[in-house]
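*Asks:* What follows is the residue order along each chain.
Protein chains: 2
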Amino acid sequence: MTIEARTDHTEEVKPLLEAGNEPALKELLSELHASDIGRVFSNLDDDEAVRVFRLLEPELASEVLLEVDERLRKTLISSISSEELIDVVHEMETDDAADVISELPLEDAKQVLEGIDRQESIEVQKLLVYPEDTAGGKMQAELASVPEDATVEETIEEVRKKSKVIEHISNVFVVDRDRKLLGTVSLDKLILAPPKQRIIEIADREPRMVGTDLDQEEVTKVFQRYDLISLPVVDHDGRLVGRITIDDVVDVLEEEIFEDFYKMAGLNIEERVMDQPARSIWMRAPWLFVNLGTAFLAASVVKLFQGTIEKFVILAVLMPIVAGMGGNAATQAITVVVRGLALGELSLKNARWILFKEASVGLANGLMTGMTAGVIAYIFGVKPIVGLLLFLAMTFNLVIAGLSGSLIPLILKWFKVDPAISSSIFVTTCTDIGGFFTFLGLATVFMKAGLL
Amino acid sequence: MTIEARTDHTEEVKPLLEAGNEPALKELLSELHASDIGRVFSNLDDDEAVRVFRLLEPELASEVLLEVDERLRKTLISSISSEELIDVVHEMETDDAADVISELPLEDAKQVLEGIDRQESIEVQKLLVYPEDTAGGKMQAELASVPEDATVEETIEEVRKKSKVIEHISNVFVVDRDRKLLGTVSLDKLILAPPKQRIIEIADREPRMVGTDLDQEEVTKVFQRYDLISLPVVDHDGRLVGRITIDDVVDVLEEEIFEDFYKMAGLNIEERVMDQPARSIWMRAPWLFVNLGTAFLAASVVKLFQGTIEKFVILAVLMPIVAGMGGNAATQAITVVVRGLALGELSLKNARWILFKEASVGLANGLMTGMTAGVIAYIFGVKPIVGLLLFLAMTFNLVIAGLSGSLIPLILKWFKVDPAISSSIFVTTCTDIGGFFTFLGLATVFMKAGLL
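Residue numbers (my numbering), protein chains in the order written: chain A, 8 to 459; chain B, 8 to 459.
Think of the hints as simulated: they come from the structure by calculation, not from any bench. The reader is advised that the hints may include incorrect statements.
Repeated chains share a single entry, so a pair holds when one copy, or any two copies, can fit it.
Dumping the calculated DSSO-like pairs for lysine-lysine here, alpha-carbon to alpha-carbon at most 30 Å [unchecked claim]:
id	residue 1	residue 2
1	K420	K21
2	K196	K33
3	K356	K81
4	K356	K21
5	K33	K21
6	K117	K171
7	K33	K356
8	K169	K117
9	K270	K423
10	K390	K310
11	K21	K423
12	K133	K168
13	K203	K169
14	K318	K455
15	K171	K133
16	K81	K33
17	K81	K133
18	K356	K423
19	K203	K171
20	K117	K133
21	K21	K81
Taking the hints into account, I'd like the entire structure generated from these sequences.
*Replies:* What follows is the structure, encoded as structure tokens:
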């Protein structure tokens with residue numbers, strides 16, 4: 008079927024659900040892809056979702072569980088018996104099973120691990136050891152592997168066996184007696200080789216591989232850099248313990264990028280748009296309180312110049328322009344720098360150049376917008392000297408914006424802190440304080456000099 | 008080799024380059040992956056990069072060209088003769104060749120198209136017709152396909168032929184006489200089938216496919232939704248014209264997400280961290296000028312209440328707190344909503360619920376932070392009534408932040424404008440104006456009532 012846009016089957020499911028027509032509903036569901044059912048669930052309330060979920064065969068149910076968010080997954084799981092849950096988990100690949108089990112209460116997790124196939128249980132327990140955001144946490148234990156003395160024919164037999172339980176076999180791994188990884192063979196090479204040839208002869212003997220500890224963000228970079236489809240994962244002794252496939256990487260990549268911008272905005276990556284208000288309130292409040300602190304800091308700068316403002320109220324009118332423009336220019340600088348750091352295009356080596364560049368950009372845009380602002384203010388009736396003041400302060404503050412917008416993410420990076428985290432708060436504090444201080448400070452100097 | 012982190016070979020290349028030791032440099036380069044060479048280039052100046060580039064064999068040169076940014080690509084291309092360029096383009100897959108040729112000046116593009124193999128030239132010209140950000144623009148014409156009456160054996164022969172020119176063959180496509188797509192066969196199915204079986208019998212007869220016109224963002228969603236590795240692309244008559252592979256999708260996905268946040272910050276997606284200052288200045292200036300307009304709008308609100316500020320300068324000290332907190336809360340709301348829209352978790356259907364949710368979150372966080380701010384201000388010596396004013400205005404402004412932060416992206420989406428574009432500017436204008444108006448307006452009311 009040609010997919011021209013995202014399809015939504017909610018309108019077909021709802022009437023059947025309301026009519027209680029379970030046979031028709033079962034038939035409709037069996038024809039849908041798990042991801043489409045997940046989409047329908049996002050448009051149903053929890054009771055309706057549970058009713059639909061209970062109609063699914065274990066295999067489809069196992070796939071649907073992986074398509075919904077953690078909260079709904081918990082609700083759906085708690086709606087079925089432990090026997091049913093064991094059947095559902097049994098249908099999953101080990102990495103998905105480990106993810107689901109790690110979310111269960113300890114007692115339930117134990118029960119499921121005891122209920123599923125013993126070998127499977129061992130594999131899953133091994134995976135549960137690795138932190139979720141590492142190569143070990145992302146890999147699956149299922150893979151096709153053969154000993155180094157296997158023939159092409161025997162390797163094909165291994166593919167036959169494994170193709171029943173694994174999707175997307177694209178490589179077969181060749182290992183030695185200690186399961187140390189010796190090479191990989193892609194299926195298109197395998198298909199073209201004579202049956203009796205030894206597999207090691209057609210294997211890529213220098214395959215790329217990663218260790219279980221590698222951070223998931225680095226894993227995505229390896230995939231992107233070398234255009235990979237799957238990547239073997241080895242333990243500290245070089246033994247093959249799993250593989251990561253590109254479909255898992257795509258989700259990680261998406262999450263990592265959103266995480267950067269979430270952090271910049273003072274958000275918790277766990278927050279989702281459809282979360283209940285109470286959850287969002289608690290997740291967002293801490294950052295707002297930190298911001299309140301910095302806002303008072305900026306206000307205290309204004310307070311320093313209360314006397315000047317008392318005499319020239321027009322300063323109070325114009326000062327938000329200086330601070331606001333600085334904030335906007337700084338946001339541009341941070342966004343570019345954080346992206347550059349994320350993509351590896353910028354490193355600490357280029358730090359001096361970037362500072363110079365961002366200061367120049369700030370200076371040039373400060374001169375242009377500052378000049379414009381000064382002229383506009385003059386046209387609207389302020390004294391020429393106030394226009395000049397606006398021009399000078401804006402230019403200066405946009406340089407501060409460029410410097411702080413690039414320096415602060417770099418400093419965070421230097422200290423091995425995520426450069427995105429709270430960059431915005433530090434930087435806009437700089438531009439608020441910088442803007443108020445320059446504008447009101449200069450005004451005070453001008454006033455004392457009798458110019459204002 | 009185990010990849011534990013990103014490797015950088017600049018330190019090996021530079022000394023050889025400086026010593027002019029071309030043979031050793033050639034040998035080193037031939038052992039590196041194109042993506043690693045691209046990384047080295049980002050640490051060299053243009054002259055050095057050109058010198059290294061000229062040492063590469065056409066095949067490696069073609070890969071390296073795809074790893075560097077557009078600016079450097081132009082520099083490198085202009086350093087070689089048209090004959091050399093033809094050799095380099097000849098090594099590329101059609102989609103990459105089309106991308107590179109589309110960047111060339113018209114005369115050079117013609118010369119290259121005439122110079123390469125005739126069949127290749129026709130394929131590339133076909134691809135040049137599709138807009139870059141559609142399925143047609145992302146697909147490659149190279150693929151393995153067989154007629155419906157082919158046997159498994161014949162299909163394997165097709166894989167043999169095509170594996171010389173295509174990387175990552177994961178599927179063979181089955182077509183009828185008019186090249187209409189009938190089905191797909193994955194290599195693991197192919198490997199397990201008896202040689203004389205008809206291929207159509209083991210094909211997936213309902214393969215997912217997309218039309219050439221589909222937007223690249225939708226293409227990435229199809230890949231993610233169905234965990235695909237490759238996806239056939241068909242023209243308006245259902246004829247197979249190309250395929251998209253997941254490695255292209257990964258880059259699109261990354262670009263699309265960054266694009267959202269670039270737009271929110273008022274940046275052009277073409278801007279890169281290592282761009283020259285002049286380029287960044289011109290790309291960022293337009294948005295800063297728009298912002299200047301809205302800043303004056305907010306200032307004009309302050310001007311309305313000049314009389315009140317004249318009597319109570321403390322208002323000028325506190326008003327940036329109200330506006331700033333609104334801006335921060337709004338940024339949180341927009342970021343969550345834009346992400347939800349990008350991931351398809353939020354649609355116009357849920358619009359009312361989201362408005363209610365964001366207003367509630369704003370109200371709750373406004374009450375909490377507003378109360379805190381009022382008490383702090385009181386402790387620092389303002390009159391109780393000013394503390395109350397701060398509390399009321401902040402609460403009100405955080406509700407405005409929640410409403411505008413969710414409503415504005417939704418309205419943009421409704422009008423089929425990208426919900427990210429300039430969301431920030433509209434929303435912070437709302438919170439600036441809302442903050443100043445509420446705080447200073449309420450103060451004026453209090454003053455007239457004799458309370459202040």
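*Asks:* For every hint, state whether the structure bears it out.
*Replies:* Each hint tested on the structure:
1. Only between protomers do K420 and K21 lie at most 30 Å apart by alpha-carbon distance; the minimum there is 26 Å, versus 50 Å within a single protomer.
2. Proximity of K196 to K33 under the C-alpha cut-off of 30 Å is restricted to the inter-copy arrangement: shortest distance 29 Å between copies versus 42 Å within a copy.
3. Taking the closest pair of Cα atoms, K356 and K81 come within 30 Å of each other only across two copies (25 Å); inside a single copy the shortest separation is 46 Å, beyond that limit.
4. In the homo-oligomer, the alpha carbons of K356 and K21 lie at most 30 Å apart only across protomers (15 Å), although the nearest pairing inside one protomer, at 58 Å, exceeds that limit.
5. Taking the shortest alpha-carbon separations for K33 and K21, only the intra-copy value of 13 Å comes in at or below 30 Å, while the best inter-copy value is 66 Å.
6. In the homo-oligomer, the alpha carbons of K117 and K171 lie at most 30 Å apart inside one protomer (27 Å), although the nearest pairing across protomers, at 51 Å, exceeds that limit.
7. Taking the shortest Cα distances, K33 and K356 sit within 30 Å of each other only across copies (26 Å), while inside one copy they are farther apart (60 Å).
8. Taking CA atoms no more than 30 Å apart as the test, K169 paired with K117 passes inside one copy only; the shortest distance there is 27 Å, against 50 Å between copies.
9. In this homomeric assembly, K270 and K423 come within 30 Å of each other (Cα to Cα) both inside a single copy, at 15 Å, and across copies, at 28 Å.
10. In the homo-oligomer, the alpha carbons of K390 and K310 lie at most 30 Å apart both inside one protomer (23 Å) and across protomers (15 Å), since each shortest distance falls under that limit.
11. With identical chains, the CA atoms of K21 and K423 are at most 30 Å apart between copies only, with a shortest distance of 27 Å across copies and 50 Å within one.
12. For a Cα distance limit of 30 Å, the shortest separation of K133 from K168 inside one copy, 22 Å, qualifies, whereas the shortest one across copies, 42 Å, does not.
13. For the identical chains of this complex, K203 and K169 are neighbours both inside a copy (20 Å) and across copies (23 Å), given an alpha-carbon limit of 30 Å.
14. In this homomeric assembly, K318 and K455 come within 30 Å of each other (Cα to Cα) both inside a single copy, at 12 Å, and across copies, at 22 Å.
15. For the homomeric pair K171 and K133, the shortest alpha-carbon distance inside one copy (22 Å) is at most 30 Å, but the shortest distance between copies (40 Å) is not.
16. Proximity of K81 and K33 under a CA criterion of 30 Å is satisfied intra-copy only: 22 Å inside one chain copy versus 58 Å between copies.
17. In the homo-oligomer, the alpha carbons of K81 and K133 lie at most 30 Å apart inside one protomer (23 Å), although the nearest pairing across protomers, at 50 Å, exceeds that limit.
18. In this assembly of identical chains, the alpha carbons of K356 and K423 lie at most 30 Å apart only when taken from the same copy (15 Å versus 42 Å across copies).
19. Taking CA atoms no more than 30 Å apart as the test, K203 paired with K171 passes in both settings, with 24 Å inside one copy and 22 Å between copies.
20. In this assembly of identical chains, K117 and K133 lie within 30 Å of each other by CA distance solely inside one copy; the values are 14 Å within and 58 Å between copies.
21. Taking the shortest Cα distances, K21 and K81 sit within 30 Å of each other inside one copy (22 Å), while across copies they are farther apart (56 Å).
Hint compliance for this structure: no hint is broken.
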